[in-house]
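For this one, chain A is given, so just place chain B on it according to the hints.
Protein chains in written order, with this note's numbering: chain A, 1 to 241; chain B, 1001 to 1117.
What the hints contain is simulated information worked out from the structure, not anything from laboratory work.
Where hints are given, some of them may not hold.
Among the chain B residues that face chain A by a calculated CB cut under 10 Å, a handful are [said to hold, decoys possible]: (1) 1086; (2) 1091; (3) 1094; (4) 1097; (5) 1098; (6) 1101; (7) 1102; (8) 1103; (9) 1104; (10) 1107; (11) 1108; (12) 1109; (13) 1111; (14) 1112; (15) 1116.
Nothing here was measured: the structure is a model prediction, and the numbers come from that model.
Beta carbons: idealized from backbone N, C-alpha and C, even for Gly.
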Amino acid sequence: MLNKALVLILTYNEEIHIARVIADVKGNLPDADILVVDGESSDNTQPIAKKMGAWVISVPSSLGIAGGMEAGLMFAREQGYDYLIRIDGDGQHEAREINHLIHPVVNGQADLAIGSRFKAKESTYKTSLTRSLANRLFSFLVSILAGEKIYDTTSGFQVLNGNAVDFLCQLRNFEYSEVETIILLKKAGFKIQEVPVTMKPRVGNQSSFNFIRAFFYVFTGFLSLLFTINCNYRRRQDFDD
Amino acid sequence: MTTKIQVLAIVFSCLLALAVLGLTRRKLIRIKYTLVWLLMCLAFFILSLCGNLFFVLADLIGVYSPVNAVFIVAFICILLMLFNFSVIISRLSYANRRLTLKLGLLIWRIEQMEKQK
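Isolated chain B, as found in the complex:
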């Protein structure tokens, strides 16, 4: 891994961590998701700092260039995050659906009560 890429990766992971913390402070990300992102940043930071780790990793998974190992790790991490978001979206969608239907029933009830007045 070249020093340039190493520096870029370190700066990127720091900036990402700062952005996540900033958004959390403004209550734009919930604490439980902050934790996931910070862990991701930390992992990326450690891997970037110890450039040798990528050589070991590249050797382990059988790729020639350590940069490709970076991409593979990043790809797997992103895939896991997307999977996690699918679960969260599904949960929200179920809750939203139920809430919408209950709202429809409540509006009907209010209309009936207003008619009886």
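Chain A on its own, in the form it takes in the complex:
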């Protein structure tokens, strides 16, 4: 079905989940390559991922999710992948949803497909109060700036096509953030589509998203949004060739 797809899994101390996540991806997308970008886990995440047949790249944990995603984008671009599928290493995202999520990108209806936890009316996804508030605030701001309603701006379950990957890799001093990426792509004329997906609640080790981090995340995200709206990037057509 897919030309050349790369599944990017970002991990940090995910030895409990990583084997199942990779097995799930392999079961659902047998032709896709799997890249695990690991933030120098102190547990057995890397050996397990390698044993499961995934490629592993290690980046310093201080670079965070953004650094992992940037490594994945650079890798996908260097190796000439047509699709970059990002899923989390904690088992929240179900690999069977990838086929559903990638559909609009493969059909040319979208350059970025976001797996949305909140778009479906019957969504029962539960999240902490701080996350919920941050999500709502960014959804409100991004929807205004993007000119279309985006329900889940912070979802880490995404599919990008090669053009979108090329565009992001060419930005000067680009630091990845889900929220900023949506605006950057939208402003450059890329098509974005939200696809309702089901996600499992997080199990195992605790999420690192506490109140202080939430405040920092919202504050920096808000600032980066302010600066993003004033940027003028080349339009999507420039990257089509």
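Below, chain B alone, put in the same frame as chain A:
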């Protein structure tokens, strides 16, 4: 400004200039940053030498004591330097980030090549 403070300020600016030059000679500060520091020392030296300038300055910005004018000038200079360093650190941080990620990709490539051998 008392003579004591004046002498202290002159000695301090000379010592600072000497320290900057020494560090530059040992390649511990790059030439472009040396220039900024030497200009700072020169400005401080001239202001210390011409004590009257601080009276004029104090009068201009509306403070009673010329010593306070010294502090205000020093504070503004330090603030400008810190701002300059923030720009430099950000630039270094971007470069470092990119370099680290590229290193990660290169290590992966080497591993693949070694596996193929």
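Taking the hints in turn, this is what the structure says about them:
1. Hint on residue 1086(B) is violated. Least Cβ distance to chain A is approximately 14 Å, over the 10 Å limit.
2. Satisfaction of the interface hint for residue 1091(B) is found here, the shortest Cβ-Cβ separation to chain A being roughly 9 Å, below the 10 Å cut-off.
3. Evaluation of the residue 1094(B) hint against chain A yields a held restraint, the C-beta minimum of about 5 Å falling below 10 Å.
4. Evaluation of the residue 1097(B) hint against chain A yields a held restraint, the C-beta minimum of about 6 Å falling below 10 Å.
5. Given the 10 Å rule on beta carbons, the hint for residue 1098(B) holds: about 8 Å separates it from the nearest Cβ of chain A.
6. The criterion of a C-beta within 10 Å of any C-beta in chain A is met by residue 1101(B), whose closest approach is roughly 5 Å, and the hint holds.
7. Annotation: interface hint on residue 1102(B) holds; nearest CB of chain A at approximately 7 Å, less than 10 Å.
8. Of the supplied interface hints, the one on residue 1103(B) holds, with its beta-carbon coming within about 9 Å of a beta-carbon of chain A, less than 10 Å.
9. For the restraint placing residue 1104(B) at the interface with chain A, the shortest Cβ-Cβ distance is roughly 5 Å, inside the 10 Å limit, so the hint holds.
10. Taking 10 Å as the C-beta cut-off, the interface hint given for residue 1107(B) holds, the closest approach to chain A being about 7 Å.
11. Hint on residue 1108(B) holds. Least Cβ distance to chain A is approximately 5 Å, under the 10 Å limit.
12. Because the beta carbon of residue 1109(B) sits about 9 Å from the nearest beta carbon in chain A, less than 10 Å, this interface hint is met.
13. Nearest Cβ of chain A to the Cβ of residue 1111(B): about 9 Å, under the 10 Å cut. The hint holds.
14. At about 8 Å, the closest approach between the beta carbon of residue 1112(B) and any beta carbon in chain A falls short of 10 Å, and the interface hint on this residue holds.
15. Because the smallest distance between the Cβ of residue 1116(B) and any Cβ of chain A comes to about 14 Å, over 10 Å, the interface hint for this residue is violated.
Hints 1 and 15 from the earlier list are contradicted by this structure; the remaining hints agree with it.
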